[in-house]
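Protein chains in written order, with my numbering: chain A, 1 to 115; chain B, 116 to 224.
Hint data in this document are derived by calculation from the structure and do not stem from the laboratory. Ideal Cβ placement from N, Cα and C applies to all residues, glycine included. Hints may be right or wrong, so weigh each one.
[Claimed, not checked] Just a few of them, taken from the derived set where beta-carbon distance is under 7 Å, the chain B residues facing chain A:
no., residue
1, Gly156
2, Gln157
3, Leu161
4, Tyr163
5, Val199
6, Phe214
[As the list claims (entries may be wrong)] Simulated restraints, written as ranges between beta carbons of each label pair:
no., chain 1, residue 1, chain 2, residue 2, range
7, B, Tyr188, A, Pro70, 41 to 49 Å
8, B, Gly156, A, Asn71, 24 to 32 Å
9, A, Thr20, B, Arg183, 38 to 46 Å
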Amino acid sequence: DAGVIQSPRHEVTEMGQEVTLRCKPISGHDYLFWYRQTMMRGLELLIYFNNNVPIDDSGMPEDRFSAKMPNASFSTLKIQPSEPRDSAVYFCASSPRTSGGGELFFGEGSRLTVL
Amino acid sequence: GIQVEQSPPDLILQEGANSTLRCNFSDSVNNLQWFHQNPWGQLINLFYIPSGTKQNGRLSATTVATERYSLLYISSSQTTDSGVYFCAVSASNTGKLIFGQGTTLQVKP
Chain A
1 DAGVIQSPRH
11 EVTEMGQEVT
21 LRCKPISGHD
31 YLFWYRQTMM
41 RGLELLIYFN
51 NNVPIDDSGM
61 PEDRFSAKMP
71 NASFSTLKIQ
81 PSEPRDSAVY
91 FCASSPRTSG
101 GGELFFGEGS
111 RLTVL
Chain B
116 GIQVEQSPPD
126 LILQEGANST
136 LRCNFSDSVN
146 NLQWFHQNPW
156 GQLINLFYIP
166 SGTKQNGRLS
176 ATTVATERYS
186 LLYISSSQTT
196 DSGVYFCAVS
206 ASNTGKLIFG
216 QGTTLQVKP
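Okay, chain A solo, but in the shape it has when bound (with noise of 0.2 Å):
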């Protein structure tokens, strides 16, 4: 089975351009997670969605951010307008748990860069 399916792997962009990142989780998976990783501030959980539902999305920094899944199968993470200390690298990742604890599966991320 493919795994979870992130793009851009890599992205460059100015400050104050719109950056979109896609993810598509493992088929069956129930819920969806992002997560941005900087060298200053570890792996940090920004939004996950359960059934396509957003359900905690705490961990957004701030407006500029937005995260949707129209379907089981798709889910965008927004950033308008972006600014260099967005640079990181986002992972999306997906878990076939409906309830307690579930194994969570990790895309290959996908590396931001705003100059």
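Take the given structure of chain A and dock chain B to it, following the hints.
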């Protein structure tokens, strides 16, 4: 929220040596996973181990949930074991995994 502490933060080994990485957590958990982030940045699942002991080749892990810690054992280390090892836990039914800061392992030939 739950706190996750990993030790040591950095570890340098000679190829062939054994090592033990530790993860302490501050509350009861229903999910604990170990990941290896390789030098290319990929996060690879090693173990899903909220309790008990598991082994996979040269790697094994033990979680003692009642004492709030987990250990990852690497035996006969190889240079390909280099990278960062993360412990992540969830203290609720949400699957909201909180990551520790990781242990950076360098295995020298």
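Structure-based check of each hint:
1. Using the Cβ-Cβ criterion of 7 Å, the hint placing glycine 156 (chain B) at the interface with chain A is satisfied: the shortest such distance is roughly 6 Å.
2. The beta carbon of glutamine 157 (chain B) is positioned within 7 Å of a beta carbon in chain A (closest approach about 6 Å), and the interface hint is therefore held.
3. Look at leucine 161 (chain B): its Cβ only gets to about 11 Å from chain A, farther than 7 Å, so that hint breaks.
4. Taken as an interface hint, tyrosine 163 (chain B) checks out: its beta carbon lies about 4 Å from the nearest beta carbon of chain A, inside 7 Å.
5. A hinted interface residue such as valine 199 (chain B) counts as satisfied when its beta carbon comes closer than 7 Å to some beta carbon of chain A; here the least separation is about 10 Å, so the hint is violated.
6. The beta carbon of phenylalanine 214 (chain B) is positioned within 7 Å of a beta carbon in chain A (closest approach about 4 Å), and the interface hint is therefore held.
7. The hinted window of 41 to 49 Å between tyrosine 188 (chain B) and proline 70 (chain A) holds, with their beta carbons roughly 43 Å apart.
8. Remark: the range hint 24 to 32 Å for glycine 156 (chain B) to asparagine 71 (chain A) is upheld by a beta-carbon distance near 28 Å.
9. The hinted window of 38 to 46 Å between threonine 20 (chain A) and arginine 183 (chain B) holds, with their beta carbons roughly 40 Å apart.
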